[in-house]
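Which chain is which? The protein sequence lines are A and B, in order. 12 is the number of the first residue of the first sequence in my numbering; add one for each residue after it. 12 is the number of the first residue of the second sequence in my numbering; add one for each residue after it.
Check each hint, because a few of them may be wrong.
The list makes no distinction among identical chains, and a pair is therefore deemed to hold if it is satisfied within one copy or across any two copies.
[As the list claims (entries may be wrong)] The calculated SDA-like cross-link candidates involving lysine to any residue, where the alpha carbons are at most 25 Å apart (straight line), are:
| no. | residue 1 | residue 2 |
| --- | --- | --- |
| 1 | Lys48 | Lys114 |
| 2 | Lys57 | Tyr92 |
| 3 | Lys206 | Trp73 |
| 4 | Lys47 | Met127 |
| 5 | Lys57 | Arg190 |
| 6 | Lys47 | Asp102 |
| 7 | Lys57 | His133 |
| 8 | Lys24 | Gln123 |
| 9 | Lys21 | Phe177 |
| 10 | Lys48 | Met127 |
| 11 | Lys114 | His46 |
| 12 | Lys48 | Asp31 |
| 13 | Lys48 | Asp143 |
| 14 | Lys199 | Met127 |
| 15 | Lys24 | Leu93 |
| 16 | Lys107 | Lys124 |
| 17 | Lys206 | Tyr27 |
| 18 | Lys199 | Leu93 |
| 19 | Lys21 | Pro81 |
| 20 | Lys76 | Tyr208 |
| 21 | Lys35 | Pro145 |
| 22 | Lys28 | Leu18 |
| 23 | Lys48 | Pro202 |
No lab work stands behind these hints: they were computed from the structure. In this text the structure is predicted, and so the values were computed from the model without any measurement.
2 protein chains.
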Amino acid sequence: MRVRIALREKGIKFEYKEEDLTNKSDLLLKMNPIHKKIPVLIHNGKPVRESGIIVQYVDEVWHDKAPLLPSEPYPRAQDPYLKGQARFWADFVDRKVFDAGRKVWVTKGEEQKSLMEEFIGHLKTLEAELGDEPYFGGEKMGYVDVTMVPIYSWFHAYEVSGNFSFESHCPKLVAWAKRCMQHDSVSKALPDPEKVYEYVLQLRKRLGIE
Amino acid sequence: MRVRIALREKGIKFEYKEEDLTNKSDLLLKMNPIHKKIPVLIHNGKPVRESGIIVQYVDEVWHDKAPLLPSEPYPRAQDPYLKGQARFWADFVDRKVFDAGRKVWVTKGEEQKSLMEEFIGHLKTLEAELGDEPYFGGEKMGYVDVTMVPIYSWFHAYEVSGNFSFESHCPKLVAWAKRCMQHDSVSKALPDPEKVYEYVLQLRKRLGIE
Numbered sequence: 012m013r014v015r016i017a018l019r020e021k022g023i024k025f026e027y028k029e030e031d032l033t034n035k036s037d038l039l040l041k042m043n044p045i046h047k048k049i050p051v052l053i054h055n056g057k058p059v060r061e062s063g064i065i066v067q068y069v070d071e072v073w074h075d076k077a078p079l080l081p082s083e084p085y086p087r088a089q090d091p092y093l094k095g096q097a098r099f100w101a102d103f104v105d106r107k108v109f110d111a112g113r114k115v116w117v118t119k120g121e122e123q124k125s126l127m128e129e130f131i132g133h134l135k136t137l138e139a140e141l142g143d144e145p146y147f148g149g150e151k152m153g154y155v156d157v158t159m160v161p162i163y164s165w166f167h168a169y170e171v172s173g174n175f176s177f178e179s180h181c182p183k184l185v186a187w188a189k190r191c192m193q194h195d196s197v198s199k200a201l202p203d204p205e206k207v208y209e210y211v212l213q214l215r216k217r218l219g220i221e
Numbered sequence: 012m013r014v015r016i017a018l019r020e021k022g023i024k025f026e027y028k029e030e031d032l033t034n035k036s037d038l039l040l041k042m043n044p045i046h047k048k049i050p051v052l053i054h055n056g057k058p059v060r061e062s063g064i065i066v067q068y069v070d071e072v073w074h075d076k077a078p079l080l081p082s083e084p085y086p087r088a089q090d091p092y093l094k095g096q097a098r099f100w101a102d103f104v105d106r107k108v109f110d111a112g113r114k115v116w117v118t119k120g121e122e123q124k125s126l127m128e129e130f131i132g133h134l135k136t137l138e139a140e141l142g143d144e145p146y147f148g149g150e151k152m153g154y155v156d157v158t159m160v161p162i163y164s165w166f167h168a169y170e171v172s173g174n175f176s177f178e179s180h181c182p183k184l185v186a187w188a189k190r191c192m193q194h195d196s197v198s199k200a201l202p203d204p205e206k207v208y209e210y211v212l213q214l215r216k217r218l219g220i221e
């Protein structure tokens with residue numbers, strides 16, 4: 012999702028290929044022999060791998076449109092600092108938010124409850140970082156926005172499963188997500204929340220949790 | 012270590028403060044309230060956090076000396092691709108090599124043996140990536156070198172504990188590490204391998220593994 016959002020923000024045409032992860036294609040195994048994972052962006056015949064690295068690559072190659080990280084060229088004394096901040100928060104999203112969020116689905120009872128609280132705590136931390144800005148990137152969508160927004164498609168599943176509303180915990184973050192959804196790049200990339208919920212139910216059945 | 016190596020490669024003077032992680036300083040808690048972790052680089056009164064992010068920051072701020080990532084300014088069509096490659100391998104080092112390497116010390120028996128094999132497998136993957144170049148950065152030390160070389164200070168402890176020699180598994184990688192050690196920036200940052208081994212023994216006693 013991150014890669015498709017970044018490419019569409021830049022107005023780059025691309026061909027999108029789904030992978031059956033239970034039967035990986037020769038192309039995937041050839042293009043990412045180390046991790047054998049998606050996403051891979053193939054550009055000029057060469058693979059770029061790992062979503063965060065691909066988004067930075069897209070931003071650097073097509074640097075003259077819709078910059079996602081504070082943009083080149085030097086010297087702009089603030090740029091490296093702001094870039095570092097954006098990378099810090101993107102890393103926080105990757106390692107903390109998505110990690111806690113994922114674990115919620117493979118646990119139950121008290122363990123699940125405590126992970127859900129951790130997850131909401133991370134969302135509140137992000138909301139504080141957002142402050143009163145429209146986007147993490149400031150006036151425009153940036154690297155942290157692109158990294159974070161895919162999880163919004165899971166919000167519905169969390170709310171139905173946990174019988175609560177994110178609105179009551181982090182209203183500004185929900186408003187931010189809705190703002191992002193007004194971008195075609197985002198609304199086209201994110202799956203239908205109902206389908207995500209169905210997927211979650213199937214996953215939990217398959218793992219014997221429910 | 013990564014941060015100190017990067018700063019010294021650039022010839023930047025800095026003040027180095029150790030932290031007692033059992034009794035964290037107010038400065039650390041103030042400068043990294045989210046993770047409360049080292050390293051933090053404080054520059055112009057503002058904190059930059061996470062070693063990989065700090066090394067990229069150092070590289071961007073002092074971009075005119077000893078570039079670590081393929082350097083600006085645009086346009087150099089290859090740069091984003093080479094940067095992406097360097098970030099990919101630095102991520103591999105962080106998530107695979109260091110992770111497996113760390114787990115070796117907190118396990119025993121068959122589990123430890125299998126982690127050690129995984130660790131050596133990752134080293135061989137890196138050695139293949141290095142090929143016949145002197146450094147991962149090509150002719151000069153770069154981002155991947157700075158990210159990877161600190162683990163060399165642990166090699167002695169692995170060899171003594173496991174009664175084997177890395178030389179026999181990945182001779183080119185060992186030669187690469189020795190090449191890096193000829194840089195003052197590296198030899199000053201890496202601890203004495205004997206002390207690392209003592210630390211490992213103490214750690215395993217404390218955890219009740221040995």
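Taking the hints in turn, this is what the structure says about them:
no.: 1; hint: Lys48 with Lys114; verdict: both (20 Å within a copy, 23 Å between copies)
no.: 2; hint: Lys57 with Tyr92; verdict: between (30 Å within a copy, 8 Å between copies)
no.: 3; hint: Lys206 with Trp73; verdict: neither (33 Å within a copy, 48 Å between copies)
no.: 4; hint: Lys47 with Met127; verdict: between (30 Å within a copy, 22 Å between copies)
no.: 5; hint: Lys57 with Arg190; verdict: neither (34 Å within a copy, 30 Å between copies)
no.: 6; hint: Lys47 with Asp102; verdict: both (22 Å within a copy, 15 Å between copies)
no.: 7; hint: Lys57 with His133; verdict: between (36 Å within a copy, 23 Å between copies)
no.: 8; hint: Lys24 with Gln123; verdict: neither (41 Å within a copy, 48 Å between copies)
no.: 9; hint: Lys21 with Phe177; verdict: neither (30 Å within a copy, 46 Å between copies)
no.: 10; hint: Lys48 with Met127; verdict: between (27 Å within a copy, 23 Å between copies)
no.: 11; hint: Lys114 with His46; verdict: both (21 Å within a copy, 20 Å between copies)
no.: 12; hint: Lys48 with Asp31; verdict: within (11 Å within a copy, 39 Å between copies)
no.: 13; hint: Lys48 with Asp143; verdict: neither (37 Å within a copy, 27 Å between copies)
no.: 14; hint: Lys199 with Met127; verdict: neither (28 Å within a copy, 44 Å between copies)
no.: 15; hint: Lys24 with Leu93; verdict: between (29 Å within a copy, 22 Å between copies)
no.: 16; hint: Lys107 with Lys124; verdict: within (16 Å within a copy, 30 Å between copies)
no.: 17; hint: Lys206 with Tyr27; verdict: within (20 Å within a copy, 52 Å between copies)
no.: 18; hint: Lys199 with Leu93; verdict: neither (28 Å within a copy, 30 Å between copies)
no.: 19; hint: Lys21 with Pro81; verdict: both (15 Å within a copy, 23 Å between copies)
no.: 20; hint: Lys76 with Tyr208; verdict: neither (35 Å within a copy, 52 Å between copies)
no.: 21; hint: Lys35 with Pro145; verdict: neither (39 Å within a copy, 35 Å between copies)
no.: 22; hint: Lys28 with Leu18; verdict: within (14 Å within a copy, 42 Å between copies)
no.: 23; hint: Lys48 with Pro202; verdict: within (20 Å within a copy, 36 Å between copies)
Of the numbered hints stated above, those contradicted by the structure are hints 3, 5, 8, 9, 13, 14, 18, 20, 21, listed in ascending order.
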